[in-house]
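Sequences are here, hints too, so could you generate the full structure?
Number of protein chains: 2
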Amino acid sequence: MAQTKKLDFRVAFAMNWEINTQNTHITSSHNQTWAGIRIEAQVSENETIQFDKFVGVTSSLNHQPDQLIKKAEEKALMARTAGFEKMLAAHTDRWSNIWLHSDIKIEGDIAAQQAIRFNIFQLNQTYTGDDERLNVGPKGFTGEKYGGTTYWDTEAYCIPFFLATAPPHVTRNLLIYRYKHLEKAIENAQKLGFTKGAALYPMVTINGEECHNEWEITFEEIHRNGAIAFAIFNYIRHTGDEKYLEEYGLEVLIAISRFWAQRATWSTEKQKYVILGVTGPNEYENNINNNWYTNKMAQWCLRYTSESLEKIKTSNPTRFSAILDKTNFDFEAEVAQWQEISAQMHFPFHAELNVFMQQDGFMDKEQKMAADLPAQERPINQNWSWDRILRSCFIKQADTLQGIYVFEEEYDTATIRRNFEFYEPRTVHESSLSPCVHAILAARIGNLNKAYEMYLRTSRLDLDDYNNEVHEGLHITSMAGTWMSIVEGFGGKRVTNGALRINPIIPNQWEAYAFRITFKGSDLEIKVSQKEVQIISHAKKTATLFVYDEKISVEPGAATSVQLKSEYNA
Amino acid sequence: MAQTKKLDFRVAFAMNWEINTQNTHITSSHNQTWAGIRIEAQVSENETIQFDKFVGVTSSLNHQPDQLIKKAEEKALMARTAGFEKMLAAHTDRWSNIWLHSDIKIEGDIAAQQAIRFNIFQLNQTYTGDDERLNVGPKGFTGEKYGGTTYWDTEAYCIPFFLATAPPHVTRNLLIYRYKHLEKAIENAQKLGFTKGAALYPMVTINGEECHNEWEITFEEIHRNGAIAFAIFNYIRHTGDEKYLEEYGLEVLIAISRFWAQRATWSTEKQKYVILGVTGPNEYENNINNNWYTNKMAQWCLRYTSESLEKIKTSNPTRFSAILDKTNFDFEAEVAQWQEISAQMHFPFHAELNVFMQQDGFMDKEQKMAADLPAQERPINQNWSWDRILRSCFIKQADTLQGIYVFEEEYDTATIRRNFEFYEPRTVHESSLSPCVHAILAARIGNLNKAYEMYLRTSRLDLDDYNNEVHEGLHITSMAGTWMSIVEGFGGKRVTNGALRINPIIPNQWEAYAFRITFKGSDLEIKVSQKEVQIISHAKKTATLFVYDEKISVEPGAATSVQLKSEYNA
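For the record, the sequence lines run as chains L and X. The first sequence: position 232 = 232 (full-length UniProt numbering), numbered continuously. The second sequence: position 162 = 162 (full-length UniProt numbering), numbered continuously.
If you're looking for bench data, these hints aren't it; they were derived computationally from the structure. One or more of the hints may lead you astray.
Identical chains blur together in the list; that is why a pair holds if it fits in one copy or across any two.
[To be verified] Using 30 Å as the maximum straight-line C-alpha spacing, the simulated DSSO-like pairs for lysine-lysine come out as follows:
hint, residue 1, residue 2
1, Lys196, Lys71
2, Lys191, Lys145
3, Lys191, Lys368
4, Lys368, Lys270
5, Lys86, Lys70
6, Lys53, Lys565
7, Lys368, Lys196
8, Lys527, Lys191
9, Lys531, Lys520
The structure is reproduced here in structure tokens:
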């Protein structure tokens, strides 16, 4: 009988990223994917062997099926020609560049540091932004749950991350993904009875068609249409790429606004426009009327599309006219209708409590607090019947607060605090997308302890497997939310009126933290300690931003410091 | 090549009903089913051959699987011993008796006459009432749709028919069917989180377990619990079988009332008990709050159960005490809670329109009339998306009006008319159970044309295949509704305060009609012409009833006439 030897293996992996880093055009790395794998094995005490394997990866997305093997062989050959060392260097170089722009450094809290780097790595591992046919699934490539399909997570969570940490084309490709699905979204709305080019983007998709199968989601969770529209606005305000609106964005905005205009109906009872029969972000409610968040997104969308049309009418009359022709748009009549609907939109409000109501009739529910739930009944979605869940007041994830997060600049601190203090205690955070929004708003109202609690909850979700579900895959899209908790939460990063603003605070548990933001050609490193905020500009032009509402300019390569205002928002 | 002869066949069928007609006990005819089949075939111009086939039918419901063939052979042998002629005579005799008690004769309208007899035949063909393990499926044995399962159709529609046209044990067995499923109904409620013996009967069942799979039906269409409770009350008021309450009924009522007591929750906002997240009889609405019909049934049930407990506490203290023990019932506390909930139940009401509201927020919907729907869009459930259907105000079947039908004596004619005139024009009658209730209420408010229109719609549904769906099977349970349209609609039959009442009217299209009613040992034949109402008593005791609110006594075998009041209810 032969003796079994214990061997040591080392495996290194190198992708063909050098091709893309040399390209100025946006191309699909997936057209030309190969990899080199180095295996080192200790075969005896004194002897180590090393060999390299080269792999070509092809897909029928890019090649005719009968060409797949041939193309893969070509790629593997190209890899072998380049050699492992060269590929590894390019691979390392690419990752260094990614870390340079997206890393967050935390001093004095090693668990928090590990967590945020784990999240940032996974996000960049999932999406490179080079192929506009691809998108980000909630589990990325780490699990089969959600089948690799795309949700509103991309627009609401991932895009803020990529906008600040990656070149503009990365986000742009995510927008183009939806632009290319516009026709399917119009077909989807037609199937439901909508007309005249109204579009309803699918809740879940891989090729533009709706891939979900529950009515309370497919035709009721329509707020995703709002997120897709808002992402266009968000991209433009971050990058300054105004051309995107006339090239692609406006067609999408028109189609989505047409949907809202048909979806909102006039209530003679309320003398307001209402949006009936929806499911908001809080999926522990179904088929509700006048979800505050959905109505807010619809109102904003109708207004933004109207303004965008007016803008392009002036700035590019030729293109304006072409879009009107293409979309068969009745400018006077449709815009007038949109303005009427957005002006007369109903928003549930509780006068006595002075808070926005998540939906009509929310206060008819038994009002209970999540803190009073017995530990053994949580998470409720693993312990309660859906009958109990739907009839309870418990909120799965930020809903009204999601709207306040998106439109925060419209509300003063007292209003944000009242709504936060009403909704947060009723929220069970059973979506991974929930804690980050609460962390940001808690930071906004100066509740540093709550912000930190929520940050921990979002950042180590998978590392510590809080919900005992990591075997299903990582929460890739919510990892972008973790990044947001630091940069938008503690860092207080906002973009308002075309300007970048930061209002940093710092948890007591941290000595310092630092992040980097790309904004309209600026490239700023922000370091926050318990004493001061330092801003270093890495771009070639003078950077302008507001720190605690004071306008500051930073010359290329220079650094500026501002004293930390720990009580700024309180 | 052999010549093909054209042959005439005659097939006769005889069931073993003579056994049951001689039994005084309720036994299952299905324990001992056999049949004789006579086939006559003309084999040449001058020669006819005749032969009889005898069949034994067995089921694993009644025998061990390995006994099935043996038992079937025994039964076939018993049939052959009896012989075809004897079986045919018994069969004919049984049907004659059925027709004697359940026939409705219509003079001057052959289409209406054919329709009602077709319906009455099918109902009796489907359910004999001899086996309490069996029930009535919406398609009977005529189609595979609904898989032979039981719905609330039985309690709400079939029971009124059988109560008036069949011996009491027929209905009693339908009640026992539910009594035997009580434990499963308690389990079903437990799965949803209800406790302490609360029962939720399944929406669809074959053995007591829920066989439906959509949340908006299974745990939201809870009004069926009310229908099952009401059937107990209905059975007792018709038959006078007060003993049923203490023997079986009360246990079911307690369990259902416990469900309502837990299902209703206190709204601090409304300062009322509310029932949130339900689907009413109108399944073109889902997950609504405070469905007027459901709240009404719940309130009634809590009150009736309380009264029934008080009654048995006095009439049979021993049994009362046994039931309390068996159900672990806290008499003082639970009844006090039920009285509190029923007294403080919220009922949506529109003050300006002065009509009950089908649900909270109904008037936020765009108010459109069914008559304005383009013909090519009807039925809407074959032409519209569910998104459009759910958000429309269109009503599938009687909902608020179903409640007014059940509790009609609580409302004056003006109230009934106002609600009828509000809801009927919004109703698309896309359930076969809808037109009959409208026919009855239309007759009640003196709208004879509408009543006749609705009668025609319900009675010839399958004969004329109105909805182009008869290939799926006949609408067996709604056929009972057709019977109700005549007897309760035109005949105005009611049972109130323990007394039988009729208030006959007659459509202009008919010369006369006649029906027969069994009521607490009375057996009355009612003949209605354009001039008068004749009542003939076929029982052995003096019959008492109210005709147009006047008390009338009819001696055995005698007949009494009253002048027709064509404008009675108008």
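Hints versus structure:
no.	hint	verdict
1	Lys196 to Lys71	neither (44 Å within a copy, 68 Å between copies)
2	Lys191 to Lys145	both (27 Å within a copy, 26 Å between copies)
3	Lys191 to Lys368	between (40 Å within a copy, 22 Å between copies)
4	Lys368 to Lys270	both (29 Å within a copy, 17 Å between copies)
5	Lys86 to Lys70	within (24 Å within a copy, 84 Å between copies)
6	Lys53 to Lys565	neither (55 Å within a copy, 99 Å between copies)
7	Lys368 to Lys196	between (45 Å within a copy, 22 Å between copies)
8	Lys527 to Lys191	neither (52 Å within a copy, 54 Å between copies)
9	Lys531 to Lys520	within (28 Å within a copy, 91 Å between copies)
Comparing the model with each numbered hint stated earlier shows that hints 1, 6 and 8 do not hold.
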